Amino acid sequence: MENIEQPCRKVASSGTEKSHFEDEALEVIWELAESGEVRLKDIVKEVGNEEGVIGMSKDGLIAVSEDKVAFTDNGRARARDITRRHRLAERLFVDVLDLKEFEEDACRLEHAISPEVEEAICTFLGHPPTCPHGKAIPRGNCCKLYIKKVRPLVQSLPDLEVGRSAKVVFINAPAMDRLASIGLVPGAEVKLLQKKPSYVLGIDETTVAIDEDIAKGIYVKP
Amino acid sequence: MHTHETEKAKAAAASGKYRRIALIGNPNVGKSVIFGLLTGKYATVSNYPGTTVEVAYGNAAIEGKKYLFVDTPGVNSLIPMSEDEKVTRDILLGERPSVVLQVGDAKNLKRTLLITIQLAEMGLPVILVLNMEDEAMDRGIIIAKDALKSMTGIEVIMTVAPEKKGLKELRAAISKGDYRTPLLNIKYNPHIEECIEKLLPLMPDAGISKRSLALMVVSGDESLRGWFNANMETSAIEQVEAVRAECILRMKQPVGMAISGDRLRRAEEIAEKVIKRVPGEGGSFSSFIGRLSMHPVWGIPLLLAVLFGFYEFVGVFGAGTLVDFLEETIFGKYLNPMFTKVVETLIPFALIRDMLVGQYGLITMALTYAIGIILPITTTFFIAFSILEDSGYLPRLAIMSDRVFNIMGLSGKAVLPMVLGLGCGTMAVMTTRILESRRDRAIAAFLLALAVPCSAQLGVILGMLAALSAKAMAIWIGSVLGVLLFSGFLASKIVPGERTEFFLEIPPIRKPALRNVAVKTASRAVWYLKEAVPLFMLGTFILFILDKLSILRVIERFASPVIVGVLGLPPKATEAFLIGFFRRDYGAAGLFAMSEKGLLTPEQSLVSLVTITLFIPCLAHLLMTIKEMGLRYALSTAAIIFSTAILAGGALNFALRFFSIAV
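Read top to bottom, the protein sequences are chains C and X.
Going by my numbering, the residue at position 118 of the first sequence is 118; the numbering climbs one at a time, nothing skipped.
Going by my numbering, the residue at position 171 of the second sequence is 171; the numbering climbs one at a time, nothing skipped.
Honestly, the hints are just simulated from the structure, not real lab data.
Here the structure is a predicted model, which is why all the values come from computation and not from measurement.
Take the hints with a grain of salt, since some may be wrong.
Keeping only pairs whose Cα atoms sit at most 30 Å apart, straight-line, the calculated DSBU-like set for lysine-lysine is [to be verified]:
| id | chain 1 | residue 1 | chain 2 | residue 2 |
| --- | --- | --- | --- | --- |
| 1 | X | K210 | C | K167 |
| 2 | C | K221 | X | K511 |
| 3 | X | K493 | X | K41 |
| 4 | C | K196 | X | K493 |
| 5 | X | K276 | C | K191 |
| 6 | C | K216 | X | K493 |
| 7 | C | K221 | X | K276 |
| 8 | X | K493 | C | K167 |
| 9 | C | K196 | X | K511 |
| 10 | X | K511 | C | K191 |
| 11 | X | K493 | C | K195 |
Chain C is nowhere near these chain X residues, computed Cβ spacing over 10 Å in every case [claimed, not checked]:
| id | residue |
| --- | --- |
| 12 | N76 |
| 13 | L114 |
| 14 | R139 |
| 15 | R403 |
| 16 | I506 |
All C-beta atoms, glycine included, are put in the ideal place defined by N, C-alpha and C.
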């Protein structure tokens with residue numbers, strides 16, 4: 001799958017804004033660093049702008065000695081964030097939105113989201129360890145908290161254990177109107193009473209039976 | 001059932017002497033119980049959502065003033081999602097009630113208020129009845145009635161309907177006449193409010209506010225379309241569509257979801273302020289049974305136990321002991337000889353004597369069958385069935401059988417009309433209204449007519465099978481279930497459309513109230529007599545005429561390739577199938593009489609039973625199918641059913657002979 005990923009080089013070379021360019025270059029460097037030593041000429045080959053890369057070393061994002069390039073602390077933190085956002089965006093597009101063409105949008109989204117949104121997406125996706133191409137998603141604060149809890153924060157009803165209560169996070173199921181009319185909306189607390197032969201849920205004092213098609217579309221936070 | 005009375009009540013109301021009061025509320029909260037207590041008229045009461053599928057009218061005088069009460073099918077939202085819910089919304093749209101008696105489940109205040117909010121938006125005055133206060137107490141839910149009154153601005157009354165608790169207060173509130181509209185208006189998202197503003201001038205006059213109509217439009221209520229077409233100019237409809245499309249575009253989530261989300265939040269806010277929770281108690285045994293009955297493993301032995309109990313009570317006790325007593329002793333030894341004597345002394349004409357007490361006599365055949373054979377069977381069936389209904393077991397059966405129904409392209413919810421069809425197919429066709437799509441209704445109504453024998457027929461069949469052998473019973477069950485599953489499977493492939501998802505509310509298990517079981521059984525038995533006896537009479541009379549004109553022999557000869565050739569039955573069995581055209585149970589009773597007289601071999605009995613089980617539905621059932629599903633549907637399914645019955649019977653006959661199976 002490796003060859004499918006082209007992280008934002010096109011956008012990078014045509015980008016005019018300085019910080020935008022820096023973000024893209026940092027991302028490239030992060031990726032090169034994942035597979036070994038980083039050489040200036042490899043970076044230039046990817047982003048096509050040698051002066052820009054040299055400029056980054058003046059701004060204290062990277063250190064260049066001869067043709068070897070290394071991150072400064074500052075640069076590493078930024079590269080890490082941008083890579084994380086990019087790969088989370090890919091996960092979102094692939095897993096949730098079921099898109100086939102997603103790279104370009106992932107490139108745009110990585111610049112657009114705030115740390116709060118980034119954390120929300122990560123939580124929503126259940127703190128995925130890798131991007132769709134199999135590369136590691138750098139861990140954020142939310143993931144560290146999660147590791148202590150071990151359990152994914154959002155799961156669909158079929159993954160919930162029988163007998164547990166959970167809060168509904170979102171619903172993308174058939175019969176949404178019917179669910180809403182008995183109070184089953186995001187934010188509601190449900191208890192999973194059984195899974196077989198049909199799913200049975202308790203919401204307040206209401207008990208309702210649904211089939212797997214509906215249950216799969218109800219996402220909850222235990 | 002009460003058509004005549006209903007017409008009278010409606011006419012009286014139209015003349016302006018009566019105040020109209022509509023009973024509205026969530027499913028299975030006890031609207032029909034309260035309706036019955038207020039009007040003294042019995043509306044069927046059970047413990048599962050969807051018992052009431054049509055409107056019932058009844059009047060009552062309270063402190064000298066006259067009222068017309070309207071009982072409606074339960075709704076979870078006033079945007080209908082199935083036929084029965086649409087009935088209720090249309091009542092509000094057209095009837096202009098003086099006040100709405102909203103009945104709610106005290107332990108489910110949030111969902112109750114969700115309806116109250118919608119009634120408030122419609123601009124209707126409401127009296128809120130919180131029923132089942134005892135169940136709420138058992139679960140430790142205490143409602144501060146006065147706080148709820150002041151927050152909603154309407155009268156709130158707590159009741160325990162079966163114990164008549166709170167009924168006096170309810171009557172007082174009705175006769176006081178100070179009806180108020182709830183103060184529960186919600187301001188929605190600015191985009192939605194903007195669309196509503198634009199829609200308001202376009203909305204036609206109705207029994208409910210224009211704002212509520214506009215809200216239904218933006219929520220995407222498709223069921224309103226027909227009403228709009230009848231009440232609005234085409235150009236206005238187009239404008240409405242344009243505003244709605246704009247609204248959908250501007251909202252980030254489905255508009256209907258946004259609206260119900262806001263309503264729920266408001267309902268929750270109020271519920272939290274007025275509910276006090278204390279540790280609950282009681283009900284643990286019934287909730288244990290409730291869990292057991294839908295358990296993937298324990299649910300099955302429980303189901304078998306229920307079936308066995310049913311068989312013992314209806315098949316052995318009803319169709320055996322009671323029929324023996326009524327048919328052979330009461331009719332055979334006392335009534336029929338007595339009638340025969342009376343008729344022979346009083347009536348000098350041989351033809352009329354024959355008509356009354358002869359071989360095809362209205363008394364000796366029709367009445368004997370109806371009261372001697374069928375009545376005890378249907379009565380025992382309805383007693384057992386009412387107990388099951390009131391216990392709340394039936395919806396749990398839907399959980400157990402969802403996957404089986406998936407084979408037939410239906411969801412487990414279809415088990416409700418199907419099981420009701422074991423009581424009476426005519427009622428069951430109407431109950432298919434609880435299914436969400438026309439497609440599901442079409443399949444369910446077809447299967448009901450084909451392979452679900454009604455209680456009368458079932459009882460007779462069980463009686464005959466009990467006299468044969470366990471093997472015969474197994475073959476009969478296998479054949480009928482096989483035909484049911486196979487034709488359901490085919491129908492699901494042929495009828496276009498997708499299966500509706502399974503979604504069904506499960507009521508708590510309750511102890512059936514003896515009184516309700518008795519009243520319900522009595523009302524059904526009376527209804528049965530009213531419906532069946534005239535048809536029995538008519539069928540017998542036609543047989544009598546055919547016999548006298550010697551046409552019966554001609555028909556028997558004419559039908560003999562099928563009856564004798566395909567089914568391998570004696571020519572006389574033609575009579576049973578002939579009257580089977582009027583009622584399947586009457587046909588089965590004819591076969592019962594034949595086998596009692598030793599005119600059928602066990603194998604012939606089995607083949608004739610399978611054929612009559614699948615035979616075309618009775619006249620009343622057919623008429624109801626025409627009313628609910630249309631003439632074309634009714635006739636074409638009847639033709640399919642008739643050929644399927646003969647084919648299945650013929651195949652069984654062939655198989656029994658070919659493998660020389662003795663039963």
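Hint-by-hint comparison with the structure:
| no. | hint | result |
| --- | --- | --- |
| 1 | K210/X with K167/C | violated, 36 Å |
| 2 | K221/C with K511/X | violated, 36 Å |
| 3 | K493/X with K41/X | violated, 44 Å |
| 4 | K196/C with K493/X | holds, 26 Å |
| 5 | K276/X with K191/C | holds, 21 Å |
| 6 | K216/C with K493/X | holds, 25 Å |
| 7 | K221/C with K276/X | holds, 27 Å |
| 8 | K493/X with K167/C | violated, 38 Å |
| 9 | K196/C with K511/X | holds, 26 Å |
| 10 | K511/X with K191/C | holds, 25 Å |
| 11 | K493/X with K195/C | holds, 28 Å |
| 12 | N76 | violated, 4 Å |
| 13 | L114 | violated, 7 Å |
| 14 | R139 | violated, 7 Å |
| 15 | R403 | violated, 6 Å |
| 16 | I506 | violated, 4 Å |
When held up to the earlier numbered hints, the structure conflicts with 1, 2, 3, 8, 12, 13, 14, 15, 16 and fits the remainder.
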